[in-house]
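Chains as they are written, first to last, in the numbering used here: chain A, 1 to 288; chain B, 1 to 405.
These aren't lab readings, by the way, just hints derived from the structure by calculation. Hints are all accurate, no fakes.
The calculated lysine-lysine pairs, modelled on DSS-like cross-linking and capped at a C-alpha distance of 27 Å, are: (1) A:Lys120 <-> B:Lys81; (2) B:Lys147 <-> B:Lys188; (3) A:Lys239 <-> A:Lys78; (4) B:Lys149 <-> A:Lys120; (5) A:Lys120 <-> B:Lys147; (6) B:Lys188 <-> B:Lys149; (7) A:Lys120 <-> B:Lys188.
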Amino acid sequence: MSTPAATTSFPVSPEAREMRGPSAYGGGWRRFVNLTWIIGLTEYRLTYFGSVLGYLWSLMRPLMLFGVLYVVFSQIVKFGDQIPNYPVLLLFNIVLFNFFSDSTQRAVTAVVDSEGIVRKMHFPRLVIPLSTVLTGALNLFLSLFAVFVFLLAYGVSPRWTWLLLPLLILPLIAITAAVSMIVSSLYVRFRDVAPIWFVASTIMFYGSPVLYAIDTVPDASQRYLLFNPIAMLLEQGRKWVIDPSARGAIDAIGGWGWALVPIAVFAALCALGVWLFDREAPAIAERL
Amino acid sequence: MADRYAGIDVDRVSKTFRVPRQHVGTLKERAMHPFRRVEIDELRALEDVSFQVLEGEFFGIVGRNGSGKSTLLKCLAGIYKADTGRILIAGRLTPFIELGVGFNMELTALDNVVINGVMMGLTPAEARARFDDVIAFAELEDFLDLKLKNYSSGMQVRLAFSLMVQSDADVLLIDEVLAVGDAAFQQKCFNEFRRLRDEGRTIVLVTHDMATIERFCHRALLLERGHLMVIGDPGEVGARYMELNFERQRGAAGQGGGRGVATVAGAWIEDAEGRAVDAAPHGEPLTVHVALDVHEAVERPEIHVQLTNDDGVRIFGTTTRGVDAAEPALEPGERVEVRVRMDNPLGVGRFYVDVGVHTEGGGMLAYEGRAREFIVHGAPENSGLVSIPHQVEVQRAGSPAAAPR
Numbered sequence: 001m002s003t004p005a006a007t008t009s010f011p012v013s014p015e016a017r018e019m020r021g022p023s024a025y026g027g028g029w030r031r032f033v034n035l036t037w038i039i040g041l042t043e044y045r046l047t048y049f050g051s052v053l054g055y056l057w058s059l060m061r062p063l064m065l066f067g068v069l070y071v072v073f074s075q076i077v078k079f080g081d082q083i084p085n086y087p088v089l090l091l092f093n094i095v096l097f098n099f100f101s102d103s104t105q106r107a108v109t110a111v112v113d114s115e116g117i118v119r120k121m122h123f124p125r126l127v128i129p130l131s132t133v134l135t136g137a138l139n140l141f142l143s144l145f146a147v148f149v150f151l152l153a154y155g156v157s158p159r160w161t162w163l164l165l166p167l168l169i170l171p172l173i174a175i176t177a178a179v180s181m182i183v184s185s186l187y188v189r190f191r192d193v194a195p196i197w198f199v200a201s202t203i204m205f206y207g208s209p210v211l212y213a214i215d216t217v218p219d220a221s222q223r224y225l226l227f228n229p230i231a232m233l234l235e236q237g238r239k240w241v242i243d244p245s246a247r248g249a250i251d252a253i254g255g256w257g258w259a260l261v262p263i264a265v266f267a268a269l270c271a272l273g274v275w276l277f278d279r280e281a282p283a284i285a286e287r288l
Numbered sequence: 001m002a003d004r005y006a007g008i009d010v011d012r013v014s015k016t017f018r019v020p021r022q023h024v025g026t027l028k029e030r031a032m033h034p035f036r037r038v039e040i041d042e043l044r045a046l047e048d049v050s051f052q053v054l055e056g057e058f059f060g061i062v063g064r065n066g067s068g069k070s071t072l073l074k075c076l077a078g079i080y081k082a083d084t085g086r087i088l089i090a091g092r093l094t095p096f097i098e099l100g101v102g103f104n105m106e107l108t109a110l111d112n113v114v115i116n117g118v119m120m121g122l123t124p125a126e127a128r129a130r131f132d133d134v135i136a137f138a139e140l141e142d143f144l145d146l147k148l149k150n151y152s153s154g155m156q157v158r159l160a161f162s163l164m165v166q167s168d169a170d171v172l173l174i175d176e177v178l179a180v181g182d183a184a185f186q187q188k189c190f191n192e193f194r195r196l197r198d199e200g201r202t203i204v205l206v207t208h209d210m211a212t213i214e215r216f217c218h219r220a221l222l223l224e225r226g227h228l229m230v231i232g233d234p235g236e237v238g239a240r241y242m243e244l245n246f247e248r249q250r251g252a253a254g255q256g257g258g259r260g261v262a263t264v265a266g267a268w269i270e271d272a273e274g275r276a277v278d279a280a281p282h283g284e285p286l287t288v289h290v291a292l293d294v295h296e297a298v299e300r301p302e303i304h305v306q307l308t309n310d311d312g313v314r315i316f317g318t319t320t321r322g323v324d325a326a327e328p329a330l331e332p333g334e335r336v337e338v339r340v341r342m343d344n345p346l347g348v349g350r351f352y353v354d355v356g357v358h359t360e361g362g363g364m365l366a367y368e369g370r371a372r373e374f375i376v377h378g379a380p381e382n383s384g385l386v387s388i389p390h391q392v393e394v395q396r397a398g399s400p401a402a403a404p405r
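This is chain A alone, in the form it adopts within the complex (with noise of 0.2 Å):
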């Protein structure tokens, strides 16, 4: 019987490549793209129009938590009224951090959920964290039109500036994505990541200008809050959207010399998020 070494050779196809294993990246940016957006679809559907009243649930949220806390700081401790248009600011607020924490949230355990399509099928692993904040961000393009029908009723007059809001939420959705890489790549090597970014994102809420505005903390501590990349986005979206007098984000934290730190802060979690996920994503299948 003849070895296996000596069975004839046969020229390879000149079309042949390299089956190079799972990526983060790899097989086409159409097929990529195309993923993507089917799963998020798909997964916003089933999340939000599993119900006749879907659209409405996925408002619930957000409305629950802002007419609890519109009670509590409004009503009660009386915090809002040092703050203009402060019902308007705290839904606002409330809208785009939620898309950030559910996102975030979901996406810990995005990558082992998966697994029955992780360990039987070749796609780039980056569809998975990418999609879960897809879901979230058709979510937050919804909640955002129901906040300015809140915003009109309110009383605020429309202003150019509004149209400028996709400049913040475009580096709010790279953050979280980033985040998201982060985090569901962690989870697949250790799985108390789950409780311990709920406490963390729990933490983040207190810490960023959702139920407040950064000129309400005391001076000194103003700028270090600041620090964080999702407070400037906040600052400045209260500035542009809700209150024209707000002094925006740049002043808040004292000049563009400061505002390099938040900007060093948002690229290096993105680039932290990109290379952790590459870094994980071959062995992904393995470690389920």
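Given the structure of chain A, go ahead and fit chain B onto it with the hints provided.
Quick look at chain B alone, frame taken from chain A:
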């Protein structure tokens, strides 16, 4: 043959899994025991495996459980990354290795077809355009509005298989697909396999069923403990596979304690052409083949062969009593081979071969239960455990009254 190209070229591929003995699954454990040495077991799943699959070839990969065949397939599919070596593949590859991967039970067939199509690299529009063909092949026209969770498992398989054959991949990787679906659909799958083969698609099939390999594959390879044992003609590979199985059985018997006067060196089922098979069609000639290694002398021996089913019911038993060649005493070191031929009367199901050595008319000296497992297929429905030769007569009286049976 010289003008043919290899569509898949696997060159010295190895894959080792590093499995920590105590799994450090949380950051807390890592933080509390930062210096604890984690002992790691190395599991060599593939070692230095090289082979080629020609374009348009139907290629089989066989091996026992844990032999590395699924790991090899996952490396080919790009789900695992090979540690060393190189894999070249020409043409478009199906991205998944099992039927129904990525199905979402909460969605309808249309949604699932679109998602699956996108997974295979189509755009959503292209996938939607293909829907009618997929559904027609799967014969699911009447169930379009059902969520997948309300489909029977057979219907899900039909949809999955249909998606696979309607894809325009050049290279198909398939892991154990034929174990599912009803008989009629299985037949359809077999026909589809033939069509794909005749179309010149390259197909790699992983299975432990030699019958499938011998029926479809041009060539096959056998893996054992991560090593490529033999590659070539399916018959040759099949024979080697059976040998390996017998070695395992012998090893297991050796661990079992008392050897008895004889041990079963091998027991298997042969089809009409004398090929060893795991699955035997009902009604076709079948031979139960038993080989015994004798350790102690036995005067006037009788070798019993019986067939049992999953419930342990003895369906059939026979002995070598009255067979001339079995009369002389058994001598130590001797190899005795017994063949029991029949036209397979068994109904559909899983059966076992039990082997015993007795003295004439009495005590049992050695016994091995379930020395071999095999499957019978192709019997008519509701035919029972075995078919018994019979005639059916129907008479009808002149009146239009009830016809007695």
